[in-house]
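Visitor: So you can see what is in the structure, the chains are spelled out below.
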Amino acid sequence: MKLRPGQQVASTVDGTRLIVVRAPAEEVALTCGGAEMVDAKQAPAPSGVPAEDAREGTQLGKRYAAEALGIELLCTKPGEGTVAANGTPLVLQGAKPLPASD
Amino acid sequence: MNLTMLLDMAADGFGDRTVIGSRKDGLTAARLRDLSAAAAAQVRAAGAEAVVYLAVNGPAFPLAMFTAARAGVPLVPVNYRLGAEQLAALLANHPNAYGIADETQSEALTRAGLSARTPEDFILEAAQAAEKGVGDQDDAHDAPEAPAVIIYTSGTTSAPKGVLLHHRNLVSYVLGTVEFAAAGDDEASLMSVPPYHIAAVSNVLTNLYAGRRFLTLRNFSPEGWLDLVRAESVTNAMVVPTMLARIVDADGVDRSVPSLRALAYGGAKMTPRVIERALKEWPHIDFVNAYGLTETSSTIAILGPEDHRAAITSDEPLVRARLASAGRPVPSVEVEIRDEAGRPVPAGEGGRIYVRGEQVSGEYAGSGPAVDERGFFDTRDWGRLDEDGYLFVEGRIDDTIIRGAENIAPAEIEDVLLRHPGVADAAVVGVPDEEWGQRVEAVVVPLPGADLDGETLRAYARERLRGSRTPDRIALWTELPRTPTGKIVKRDVVAGLTAADRQTA
Chain C
123 MKLRPGQQVA
133 STVDGTRLIV
143 VRAPAEEVAL
153 TCGGAEMVDA
163 KQAPAPSGVP
173 AEDAREGTQL
183 GKRYAAEALG
193 IELLCTKPGE
203 GTVAANGTPL
213 VLQGAKPLPA
223 SD
Chain Z
172 MNLTMLLDMA
182 ADGFGDRTVI
192 GSRKDGLTAA
202 RLRDLSAAAA
212 AQVRAAGAEA
222 VVYLAVNGPA
232 FPLAMFTAAR
242 AGVPLVPVNY
252 RLGAEQLAAL
262 LANHPNAYGI
272 ADETQSEALT
282 RAGLSARTPE
292 DFILEAAQAA
302 EKGVGDQDDA
312 HDAPEAPAVI
322 IYTSGTTSAP
332 KGVLLHHRNL
342 VSYVLGTVEF
352 AAAGDDEASL
362 MSVPPYHIAA
372 VSNVLTNLYA
382 GRRFLTLRNF
392 SPEGWLDLVR
402 AESVTNAMVV
412 PTMLARIVDA
422 DGVDRSVPSL
432 RALAYGGAKM
442 TPRVIERALK
452 EWPHIDFVNA
462 YGLTETSSTI
472 AILGPEDHRA
482 AITSDEPLVR
492 ARLASAGRPV
502 PSVEVEIRDE
512 AGRPVPAGEG
522 GRIYVRGEQV
532 SGEYAGSGPA
542 VDERGFFDTR
552 DWGRLDEDGY
562 LFVEGRIDDT
572 IIRGAENIAP
582 AEIEDVLLRH
592 PGVADAAVVG
602 VPDEEWGQRV
612 EAVVVPLPGA
622 DLDGETLRAY
632 ARERLRGSRT
642 PDRIALWTEL
652 PRTPTGKIVK
662 RDVVAGLTAA
672 DRQTA
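Which chain is which? The protein sequence lines are C and Z, in order.
The first sequence begins at 123 in my numbering and counts up by one.
The second sequence begins at 172 in my numbering and counts up by one.
If we strip away everything but chain Z, and leave its shape as in the complex, we get (with noise of 0.2 Å):
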């Protein structure tokens, strides 16, 4: 149970297919078989225990991805946007790696003492060991306990970690979720999200699996994405919400994606405004929102096309609810919400999300599985299930506001927020408070053009939330701070509120 079976079944299903790139000069499955052979060959050679990619996404990626699981050594993508010092850092974690990095970051990799190839070097190597017949030969690489891929986790609210995901984790993603050989030969997909993120690793695989071609957009911009799905008539995408509002919020640019069948977005909280926004403006596209994390090898709960429609179209408050839902969890994970104490609680009730599967890896790179006696991961986020299993997901636990002995979820307050028809982004923390502990705070992004300022907004939240929720104080910034993939940094947010406090005092 190794990404290989994945790739050889994919060689062996239809090898003449196009999988990466454009259809003219990209590669077919059987050919990336055959790169990912040889350069393995070179990486065992090496003798090395790790390959490491800081590179932005392209068909090196995935190359690089299946060459690590035929040498039998993880796939460690890192974030190139890293500063030096923590870079350095996450490098010394694996001494022993082969090196694949942009030509502007070879010089990290070179000063952690590893050897350094850009993507398209890395690309020509293989195809000239390749074709002096280098092949790997050791077959007996089946090792399922073994990571295929080690992640960092984007370190919002803790360090980073790295996560293990084994190939037992990622192969059982793979086949609970997708169907084999099931894309159309006239499909394509595009990514758009960084190598480092979950999302870009679990994209190849199942792209793959599904015989559909991948293709990658090495740096985001609404006219660069929209322009790309039209020249490779896209098929089926994914964007982070940030992303997303990106392309529905461009001025003077050309929507039209008639090529577009499928959306999927996740990875962050999308805005209700900009997905509406998109839903009236591709009626034609079926959206899907994935909600999983890391260490869960990606998705595990989706809310589907049909779910998309019937809440646009309803005139029932509990099913219009669900476009901000994360939808249902997948069949082969299982979902418990769990209060305080550990006891699971019924329908409707909020607590922190569990999740159990195959799929589901919750190990950490020096600590042990982080699983409970039964098999469940702690998500460390706070959320609940409505009576038809739908899961809404309510933010991160150590994002939760403690006033006074109240915990609050800053999710119900941003909702509220970002309901006012003024408002294009909004951040809820929690500051320092000498009486309360932490009292709440707002940041609020305007739509441009609204007329707003923090007192009318204050009133506008008291007259939908309770007082201990209204937020004591509301700021208006031009942009929120948030990680490339489009995750709120609220410790930023907080640091930035009080700064702005001890400028003026």
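Just chain C, same shape as in the assembly (with noise of 0.2 Å):
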């Protein structure tokens, strides 16, 4: 799937939502729970269960990132499945603080 910054994923396998806060230029293979997640648009009401290998959930409110790909996603639904691109599980980050401004 071809992202964007500001797009939201779904999950097809559980209720997993994540928005797009940096996109990289390739299209990326974007799964939850072992399958492909979808355009939240676009997404049918889940059916079926994430992979037994790919369960590790993911939390509401906190950022997941391939560095080496470019991406990260902030979990708006949090659910069962691991979100993984092209394959690899992404990595929960870290808070990395700005002082309160307003």
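Among the hints, erroneous ones may be present.
[To be verified] Per the computed footprint, the stretches of chain C lying under chain Z, defined by three or more beta-carbons under 8 Å from a beta-carbon of chain Z, are:
1) 124-131
2) 193-205
3) 208-219
[As the list claims (entries may be wrong)] The calculated lysine to aspartate or glutamate pairs, modelled on EDC-like cross-linking and capped at a C-alpha distance of 20 Å, are:
4) C:Lys199 x Z:Asp420
5) C:Lys218 x Z:Asp457
6) C:Lys218 x Z:Glu477
7) C:Lys199 x Z:Asp457
8) C:Lys124 x C:Glu148
9) C:Lys218 x Z:Glu358
10) C:Lys199 x Z:Glu350
11) C:Lys163 x Z:Asp179
12) C:Lys184 x Z:Glu350
13) C:Lys184 x Z:Asp179
14) C:Lys199 x Z:Asp183
15) C:Lys184 x Z:Asp356
16) C:Lys199 x Z:Asp205
17) C:Lys184 x Z:Asp183
18) C:Lys199 x Z:Asp313
19) C:Lys218 x Z:Glu350
20) C:Lys163 x Z:Glu316
21) C:Lys163 x Z:Asp313
22) Z:Lys303 x Z:Asp292
23) C:Lys218 x Z:Glu505
24) Z:Lys658 x Z:Glu583
To be clear, the hints were calculated from the coordinates, so they are not data collected in a lab.
Please read all numbers here as calculations on a predicted model, not as lab measurements.
No residue lacks a Cβ here, since even glycine has one placed at the ideal position from N, Cα and C.
Combine the two chains into a complex, taking the hints into account.
Guide: Okay, structure coming up:
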């Protein structure tokens, strides 16, 4: 899938949703629980279950990234499945706090 | 990518947490979602195309913002201090709007043909509708390019313009600068700027997303602010520079604020004397200077707590000078300084400040996006970056004085005058002049008890400035004309100076 910042993606096997913060120029195969993710606007109701070996899960409001690919997603609805890009699980990012300015 | 996504995340992540108002009778995140869904159904039923908010800040303001977002229409916070004529002209842009207005303002809405309800009734009606199970069924309002909020610029240098802040801009700002649910559940934020100021809009979103309880002060006074900080154990607050000046200068008040951890300021230029005094008064507080414009969805550069401490304790002029800077750009924004021909200039050189990023709207109602082919927006501010990337903002391009063939930035002269120990406030303007086109004049407000006169101040300025930049005249006034949010209204300064001339001539 070709991603763009601001786009929301949805899992097809559980309730996981993420928003694209940083998108690579190239297409990526984005999966959740082993199944391909889709644009949230065209998402069908989830069916099936996440694959046994892809149940790391996601946490609400956390960022997931693959530096080498230049991809960063933010979780807007958590789920059970592991989110991966081109077969490699995305890595949970630590907070990068800015002081509150308003 | 809609503002409602941020509220949904908050309600899903910490729905039981009180996020608006006092701890005992405020609104939780889940309650805010329910009320906004119920109120949105009513906005839709009314067929409204916008929600106009003409009232002081309070719990109804965040509710109005999310109600509008859920209903898929923009929120238009309007300046309740506008004159009748200006207000009518502005409201005419929103003929089919759902109106919320303080009792004293509701007549203006009625006259413009809009429905009007008080903020209190707005909350009450939403609660009643929610009780009856009225909810907003339409979940298909993900329209990132639709305007979420329309803010009219203060119009200190030109007629007010409606800035369109799209859902994409505001959400990008929040995701780019705030960590979700990062606030402890004891944290509370106090906002003192009125709702038609961009900081009041972004404050609602950033605090909600961080999980920080949000409080407002209806009408600012130093005593009222200090009392509320202590009564509600406020941990974070935002003020404009004139408010901070009044707080540190107020006589005979208790300035202890043990709960306060962070104080952000922005919206206008800070006087060095005031921030230095605040740093000394409250060494335990983290100070943050934020620079941003309505058109950039609030903050684009931040001078953080460590920068403040480094500047105040340093002997190095470069580091010390940074106390007057806007700090460094936030990671999601790029800043470029360009010369008059549009070429980027190297560090240290002055020019126009351009910015690019997802949070930058740069679009005005009725005209297309005002960004260039590379996506950069012209802030119309003059400034420079130092060698470490600190941004110094030196005032509006429109305030530049052209004396003969020389361009003079008033900020440089104002800085010199403000460093005089007897000066509380200063404004430098160009006054029409037959020989030079414009000549440089200044107005100074002396500190109480200071023995000042124009000629002594001119001598002081001449020692520190080039001759052409020394004001030809320095008048002493008791106060400067400022907008309620602290911006100096330079055209009123010029008008005051020229009127005085006509009287004495």
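Visitor: If a hint holds in the structure, say so; if it does not, say that too.
Guide: Each hint tested on the structure:
no.	hint	result
1	124-131	holds (count 4)
2	193-205	holds (count 3)
3	208-219	holds (count 3)
4	C:Lys199 x Z:Asp420	violated (48 Å)
5	C:Lys218 x Z:Asp457	holds (17 Å)
6	C:Lys218 x Z:Glu477	holds (16 Å)
7	C:Lys199 x Z:Asp457	violated (33 Å)
8	C:Lys124 x C:Glu148	holds (7 Å)
9	C:Lys218 x Z:Glu358	holds (19 Å)
10	C:Lys199 x Z:Glu350	holds (16 Å)
11	C:Lys163 x Z:Asp179	holds (17 Å)
12	C:Lys184 x Z:Glu350	holds (8 Å)
13	C:Lys184 x Z:Asp179	holds (15 Å)
14	C:Lys199 x Z:Asp183	holds (8 Å)
15	C:Lys184 x Z:Asp356	holds (18 Å)
16	C:Lys199 x Z:Asp205	holds (18 Å)
17	C:Lys184 x Z:Asp183	holds (14 Å)
18	C:Lys199 x Z:Asp313	holds (15 Å)
19	C:Lys218 x Z:Glu350	holds (7 Å)
20	C:Lys163 x Z:Glu316	holds (15 Å)
21	C:Lys163 x Z:Asp313	holds (9 Å)
22	Z:Lys303 x Z:Asp292	holds (16 Å)
23	C:Lys218 x Z:Glu505	holds (18 Å)
24	Z:Lys658 x Z:Glu583	holds (17 Å)
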